[in-house]
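Asks: These are the residues of each chain, in order.
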Amino acid sequence: MKELAIKELLYKMADDLLILGHRNSEWTGIGPILEEDIAFSSMAQDKVGQSWALYKMLQVLGEQEPDTVAFTRNAPQFHSCKFVELPIGEYDFSLVRHFLFDTADLLRFDLLSRSSYTPLAQLATKIKGELKYHTMHANTWIKQLGSVEDEEAFQRMQYALDVALPFALGIFEEGPYEQSLADEKIFAGEVHLKSLWLEKIQETLSKTRLVLGDVSLISPELGGRYGQHTEFLQPLLDEMTEVFKVDPTAEW
Amino acid sequence: MVIHQNPDIDQIKGWLEEVKDPEIPVLSLLDMGVITRMEMSDEGKVTVHMTPTFVGCPAMEAMKKNVEEVLDKNGIRNKQVIISFEEPWSSDRLTEKGREALLKFGLAPPPKHGQVIDLDLLEHVECPYCHSKNTLLKSPFGPTLCRSLHYCDNCKQAFEQFKPV
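Those protein sequence lines, which keep their order, are chains A and B.
Each residue of the first sequence is one higher than the last, beginning at 1 in our numbering.
Each residue of the second sequence is one higher than the last, beginning at 1 in our numbering.
Hints in this document: simulated from the structure, not taken from any laboratory.
For clarity, every value in this text was computed on a predicted model and none was experimentally measured.
Any given hint could be a false lead.
Said to hold, decoys possible - Listed below are the simulated SDA-like cross-link pairs for lysine to any residue, each with C-alpha atoms no more than 25 Å apart in a straight line: (1) A:K132 with B:S139; (2) A:K128 with B:E123; (3) B:K64 with A:E251; (4) A:K245 with B:E61; (5) A:K200 with B:S139; (6) B:K65 with A:P66; (7) A:K132 with B:K138; (8) A:K132 with B:G33; (9) A:K200 with B:H113; (10) B:K104 with B:V26.
To be verified - A partial selection of chain A residues facing chain B, derived with a Cβ cut-off under 8 Å: (11) E35; (12) A39; (13) S42; (14) Q45; (15) T125; (16) G129; (17) Y133; (18) H137.
Glycine included, C-beta positions come from ideal geometry on N, C-alpha and C.
With the sequences and hints as input, model every part of the structure.
Replies: See the structure below:
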């Protein structure tokens, strides 16, 4: 039971990071300014690397090797939330997703840095340090673009936030082992994480003109954690695995 | 090939000085703090523990291979290089010698932070060329995962910093 619970937790985190890492990398070469191009590319590299480390931990628990896990599954076998698979859209949407997701992920890894499952606590301590740069980047832009005088720029940010919110709430879809993870002091759980997250994003948004919708009235976009995805995940996987599938046994 | 009889840890440490960061070739892995510890068992087996600067560091495998090659070259057959997060890397692990090497390379060394990192640490980094603190953070992300981009308003030079992590 305990091992199943840990695997489920690791899979969803790793899949989130792999898929969002891939989406971030789609900005490489087309970022609005050079620094932003580099920022999204660097965050992509961080996230894919972090997913690799989590897949590696799963391998120790008896799962297949990271490349096999990353490149040979189809959409229904992915445990990522729907939020991360949405197309990058315009830069406003990518920034808002980056802000909402990375704020949650930094809090998640902060909780996990105190996990009773030592290998995860050690890795989480490391990842936490890297994610600080991601949220620092996100907060800088949200504060600037969320307070701009230019009405079109502001409206675009507000619209992106409204579109993103139901999907962002889907990050916290509860898994089948919440109780067991909490009892074993492995992870405090999605409900707890969500409340920390709401507080944190409100803190940043309160320094802007952006308004967060009433989350008690919004139905979260759920299903991702159980393999139900939007139409956008499979095409992403097809593209991501295209080279690998030419010769799955190739030595890199 | 030289076969060393019963080398001790200090001797091995000396050999490993030649293994540098592939992205910053003036900095040894020991000075970078990427090699966290070394052990020798009673049977003479050498174990080197390493930890990556960043989880997604693409140079890690190359560094591991370089360490193995140096041990090989010195006749250490019974060896193991382990990569783990047991002692996660932090920029505080850089030695003084390492910091000087960075500075000579034109990279501002990271300030010691004792695990408290906020934006202030990045805002007015000392310029590695003219040592002015009249500098600006241009982006927390640079050409490699471990560097940030800055600009010196005093000597009008762009420069990079090895990020505090």
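Asks: All the hints need checking, so say for each whether the structure fits it.
Replies: These are the hints, each one checked on the structure:
About 14 Å separates the Cα atoms of A:K132 and B:S139, which keeps this hinted pair within 25 Å; it holds. Restraint check: the Cα-Cα separation between A:K128 and B:E123 comes to about 21 Å, which is no more than 25 Å; the hinted pair holds. Note on B:K64 and A:E251: the hinted pairing holds, with a Cα-Cα distance of about 18 Å set against a maximum of 25 Å. In summary, the hint linking A:K245 to B:E61 is supported, as the alpha carbons are separated by about 23 Å, within the 25 Å threshold.
Between A:K200 and B:S139, the direct Cα distance comes to roughly 23 Å. Compliance with the 25 Å bound is thereby established for this hinted pair. Among the hinted pairs, B:K65 with A:P66 is consistent with the structure: their alpha-carbon atoms are about 20 Å apart, no more than 25 Å. Annotation: proposed proximity of A:K132 to B:K138 holds, straight-line Cα distance about 17 Å (limit 25 Å). Taking the CA atoms of A:K132 and B:G33, the gap is near 21 Å; set against the 25 Å cutoff, the hint holds.
At most 25 Å may separate the alpha-carbon atoms for a hinted pair to count; A:K200 and B:H113 meet this at roughly 24 Å. The suggested pairing of B:K104 with B:V26 holds, with an alpha-carbon distance near 9 Å, which does not exceed 25 Å. Among the interface hints, the one on A:E35 holds; its C-beta lies about 4 Å from the nearest C-beta in chain B, closer than the 8 Å criterion. Below 8 Å, beta-carbon pairs count as interface contacts, and A:A39 has one with chain B at about 4 Å; its hint therefore holds.
This hint holds: A:S42 has a C-beta 4 Å from the nearest C-beta of chain B, less than the 8 Å allowed. For A:Q45, the suggested interface contact is upheld, since its CB lies about 5 Å from the closest CB of chain B, less than 8 Å. This hint holds: A:T125 has a C-beta 5 Å from the nearest C-beta of chain B, less than the 8 Å allowed. Interface restraint check for A:G129: the shortest CB-CB distance to chain B comes to about 5 Å, inside 8 Å, so the restraint holds.
A hinted interface residue such as A:Y133 counts as satisfied when its beta carbon comes closer than 8 Å to some beta carbon of chain B; here the least separation is about 5 Å, so the hint holds. For A:H137, the interface hint holds, since its Cβ comes within 8 Å of a Cβ in chain B; the closest pair sits about 6 Å apart.
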